[in-house]
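S.K.: Chains as they are written, first to last, in this note's numbering: chain B, -14 to 53; chain Y, 103 to 298.
Each hint should be verified, as a subset may be incorrect.
Which residues of chain Y face chain B? A few of them, derived with a C-beta cut under 10 Å, are [as the list claims (entries may be wrong)]:
| no. | residue |
| --- | --- |
| 1 | L129 |
| 2 | S137 |
| 3 | S148 |
| 4 | Y151 |
| 5 | P158 |
| 6 | H159 |
| 7 | H188 |
| 8 | E220 |
| 9 | P223 |
| 10 | T224 |
| 11 | Y228 |
| 12 | D281 |
| 13 | V285 |
| 14 | L293 |
| 15 | T296 |
The following label-pair restraints were derived from C-beta to C-beta distances [to be verified]:
| no. | chain 1 | residue 1 | chain 2 | residue 2 | range |
| --- | --- | --- | --- | --- | --- |
| 16 | B | L46 | Y | D161 | 33 to 41 Å |
| 17 | B | E19 | Y | L203 | 26 to 34 Å |
| 18 | Y | L129 | B | I27 | 39 to 47 Å |
What the hints contain is simulated information worked out from the structure, not anything from laboratory work.
By construction, the Cβ of each residue, glycine as well, lies at the ideal position given by its N, Cα and C atoms.
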Amino acid sequence: MEDKKKAEYRRNIIVFVALAALTLIEFFIAINLESPAVPLFIIALIKAGLIVNYFMHIYRLWQPEDHE
Amino acid sequence: MSAVHDVAHATDEHEAPYEERTRRNRLGLWLFFFSEIFLFGALLASRFYLWGDTRPHLDQTLGLITTSVLLISSFFMAWSESAIKHGDRKASSRNMLITALFGTLFLVGVVGLEWGGEIRPTDGVYGAIFYMMTGIHALHVLSGIILILINWNLLRIGRYSTERHWGIEATASYWHYVDVVWVFFYPALYLIGTPV
């Protein structure tokens, strides 16, 4: 139980750090590229995917809680 | 009296178990999220149709700060949900309040500061799109904060447990959804296009 709790907290931190890093990358891409729309859209999709999977737990729709 | 008791008992017997109700609620919530994609998608489409490869001059530092603040709030909301799932009510309660605080800071950044900047709602397509996108998103943030505070109070009075905390799960999912919307709004408003 305690291990599961720690693993979940650790996962939340890793996802948060990844999202923060991607946000900074977005910012620097926008500053340095002339037409950054495509890379920014791809990064936004990756960020959304991370949030939907790890924070919103979309898999719970088709998978019981115990299997997380 | 006995008949009333029998009816009440029968209702209990026919009520689906909590896990089953949660599964149904979850599906309903995701259908709601799906329906909201049409609203936010239409706003994004309007932005690209009307602004094209341009954008209004906005405070880049403020945009980055408000985005970071919303991201941090999402982290604390995820922490709150994980905490109640593992029986740590105190951490769940504390993190919900921190989330509401960061949500309020986000509103102060967008509505309080950015709306007081150069761009006005009357500035043609730039003003219209900017205020519509940030306004509708801010309304969702505000409703998220209200939901968080309601659930914080329900947790405080003992309505949630490790096994039964659908309200917190739903609020957390809603909050993250609002964050996902901003993930697309931030580059569309602040980063893509040449400032005019």
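S.K.: Now tell me, hint by hint, if it's right for this structure.
M.R.: The hints, checked one at a time:
A distance limit of 10 Å between C-beta atoms decides the matter here; for L129/Y the minimum to chain B is near 6 Å, and the interface restraint holds. Nearest Cβ of chain B to the Cβ of S137/Y: about 16 Å, over the 10 Å cut. The hint is violated. Here the hint on S148/Y is broken, as its CB sits about 16 Å from the closest CB of chain B, past 10 Å. Proximity of Y151/Y to chain B is violated relative to the hint, the smallest CB-CB distance being about 14 Å (cut-off 10 Å).
With a least beta-carbon distance of about 15 Å to chain B, the hint placing P158/Y at the interface is violated under the 10 Å criterion. For H159/Y, the interface hint is violated, since its Cβ never comes within 10 Å of a Cβ in chain B; the closest pair sits about 14 Å apart. Given hint, H188/Y at the interface with chain B, holds; its Cβ is 4 Å from that chain's nearest Cβ, closer than 10 Å. Hint on E220/Y is violated. Least Cβ distance to chain B is approximately 19 Å, over the 10 Å limit.
With its C-beta approaching chain B no nearer than about 25 Å, P223/Y sits outside the 10 Å limit, and its interface hint is violated. About 27 Å separates the beta-carbon of T224/Y from the nearest beta-carbon of chain B, more than 10 Å, and the hint is not met. Given the 10 Å rule on beta carbons, the hint for Y228/Y is violated: about 18 Å separates it from the nearest Cβ of chain B. For the restraint placing D281/Y at the interface with chain B, the shortest Cβ-Cβ distance is roughly 6 Å, inside the 10 Å limit, so the hint holds.
This hint holds: V285/Y has a C-beta 5 Å from the nearest C-beta of chain B, less than the 10 Å allowed. The interface hint given for L293/Y holds, since its Cβ lies 4 Å from the closest Cβ of chain B, which is under the 10 Å cut-off. Checking T296/Y against chain B: minimum C-beta separation of about 9 Å stays under 10 Å; hint holds. Between L46/B and D161/Y the Cβ separation comes to about 39 Å, which falls inside the hinted range of 33 to 41 Å.
Range check, E19/B to L203/Y: about 39 Å between beta-carbon atoms, so the 26 to 34 Å window is missed. Under the hint 39 to 47 Å, the C-beta atoms of L129/Y and I27/B, about 30 Å apart, miss the expected range.
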